[in-house]
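J.: Each chain, letter by letter, is given below.
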Amino acid sequence: MTAKPEMNAADIAKAVAGGQLSALAATEAALARIKQHDGILNSFTDVTAERARAKARAIDADIASAKQVGPLAGVPFAVKNLFDVAGLPTRAGSKINRDLAPAKRDATLIERMEAAGAVLVGALNMGEYAYDFTGENIHDGPSRNPHDTTRMSGGSSGGSGSAVGGALVPIALGSDTNGSIRVPSSFCGIFGLKPTYGRLSRARSFPFVASLDHLGPFARCVADLALAYDVMQGPDADDGACTTRGVEQVTPLLGQPISGLRVAIAGGHFQKNVFPEAVEAVSRVAKALGATQVVDIPEASRARAAAYVITTTEGASLHLDRLRQRPNDFDPAVRDRLIAGAMVPAALVDRAQKFRRWYRAQLAEIFASVDVLIAPATPCTAPKLGQVNFNLDGVELPVRANIGIHTQPISFIGLPVVAVPVPLEPLPIGVQIIAAPWREDIALRVAHALEKMGVVAAPAPRGL
Amino acid sequence: MAEPLDDYIDAVSKALALPVEEAFRPAVRANLEVSLRLARLVDEFTLPDETEPAPIFTA
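Residue numbers (numbering that gives the first Met the number 0), protein chains in the order written: chain A, 0 to 463; chain B, 0 to 58.
Among the clues, some could well be false.
[As the list claims (entries may be wrong)] Pairs of lysine to aspartate or glutamate residues, derived as DMTMM-like cross-links and limited to a Cα-Cα distance of at most 25 Å, are as follows:
| no. | chain 1 | residue 1 | chain 2 | residue 2 |
| --- | --- | --- | --- | --- |
| 1 | B | Lys13 | A | Asp349 |
| 2 | A | Lys271 | B | Glu32 |
| 3 | A | Lys94 | B | Glu20 |
| 4 | A | Lys271 | B | Asp42 |
| 5 | A | Lys13 | A | Glu450 |
| 6 | B | Lys13 | A | Asp330 |
| 7 | A | Lys271 | B | Glu20 |
| 8 | A | Lys94 | B | Asp42 |
Derived from the structure by calculation, the hints contain no laboratory data.
Bound conformation, chain A alone:
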């Protein structure tokens, strides 16, 4: 048996565990596909081929000696290059970090994926220091959209979106501070999970905004997303924000009926500044779920503003020494935003954090009577690379500033979200399935039901 690009992670793991496919063959197939297509996609910044082959051989040896293997045995995966990978400097999309000593130990989430049998094949391109929604990188070049390589992958986990959307690997990991998992999922037409804030360990990943940073998986189907999520859960003393809750497995729950769930459409802010494609995508999902109730989320625009303020100031604090010492080694667009962030008065930042508490209480009230909210993941399908403005209802709006307007008010209070791909023509677009804190199971069950209904799916890459 050979590994085909359309094989999802669960199929690969089953075939490997059953002896029909070797982990080495699955790994070689991914490496060959990377070699064939990544010249165009530019999703990888490092391919860890020898490490991957050694890991795959070890899995095959375990199987040959009848040892138990994990649920991701032989599944190739890759990580955004802000994850520590032993032996590589953690560049986090920057030029400056390339001078760091190579990481001595893998990030916790890589260790957990590999403990489940997955095989790391490389590190992925990203926007500099994760302060980005486009997937463009001034140092490494842009990661490209697998459905139209003249278009953005979305960012900042651009390489993650591009690699999974292009079927180079079935699973990738990324980070989401304001939308950086959900935006590339939307543009590249794949599934992405931004879990509850604190759910998955961020240990040994390069930070951006401590109070907003989340890590999570991308996949081409919900079962794979849940598999990866399940094996990565659990407390971790190395991340001070990581929950002490135990593992809450979702995979066994995916097939549960969703008929009892109360689903509503996010109104107000989430229905403004959207292109017809985003309206159509939300409408298809709402119809499939029988959702007609529209819930206005109070002050969502202000929540987006507060997230912006916290991001720019905490980001500035993180990078202050680098801004002082090596300003010309930054992407100028990132540098100038961060310098400005350092200049925002502290009293205004404190007010943004207080507003966050107030806003969280409003959402808690909404989730007392609703189980799921649906909202656009992005206002549009993937813009052209380098595109500066888009025209909406005759008004010119800046692309970069508006890509994340529907994701920011959600991650601001750490709610779990599954971004699901609606396969519109000519380009896919994502919808956010949002649940109450710690209810990833609900968001994933709804995503799974939509997938079974054929409403959402990761389209085959059309640009390769």
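Following the hints, complete the assembly by docking chain B onto the known chain A.
T.: Chain B alone, transformed into the frame defined by chain A:
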């Protein structure tokens, strides 16, 4: 001609020991205008005095 935020940028740059090269200034100013506009949007929203910032760290 000096822009309204230039004096502020100079003062904070000095206070933070964060040099702002002249070439950076227009973009820094434009970004600061956006940051302050959005911060004011939050600032305008009245909250009770007892409101605590959102919790981040739990020991």
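J.: Does each hint hold? Answer for all of them.
T.: Results for each hint:
For the suggested pair lysine 13 (chain B) and aspartate 349 (chain A), the alpha carbons sit about 23 Å apart, so the restraint of at most 25 Å is met. For the proposed pair lysine 271 (chain A) and glutamate 32 (chain B), the alpha carbon gap of about 23 Å is at most 25 Å, so the pair holds. Restraint check for lysine 94 (chain A) and glutamate 20 (chain B): the C-alpha separation of about 20 Å stays at or below 25 Å, so the hint holds. With a CA separation close to 23 Å, the supplied pair lysine 271 (chain A) and aspartate 42 (chain B) stays within the 25 Å bound.
Note on lysine 13 (chain A) and glutamate 450 (chain A): the hinted pairing holds, with a Cα-Cα distance of about 21 Å set against a maximum of 25 Å. Taking the CA atoms of lysine 13 (chain B) and aspartate 330 (chain A), the gap is near 23 Å; set against the 25 Å cutoff, the hint holds. The hinted pair formed by lysine 271 (chain A) and glutamate 20 (chain B) fails the criterion: a straight-line CA distance of about 38 Å is larger than 25 Å. As the CA atoms of lysine 94 (chain A) and aspartate 42 (chain B) are separated by approximately 36 Å, the hinted pair breaks the 25 Å bound.
This entry does not satisfy hints 7 and 8, going by the numbered hints stated previously.
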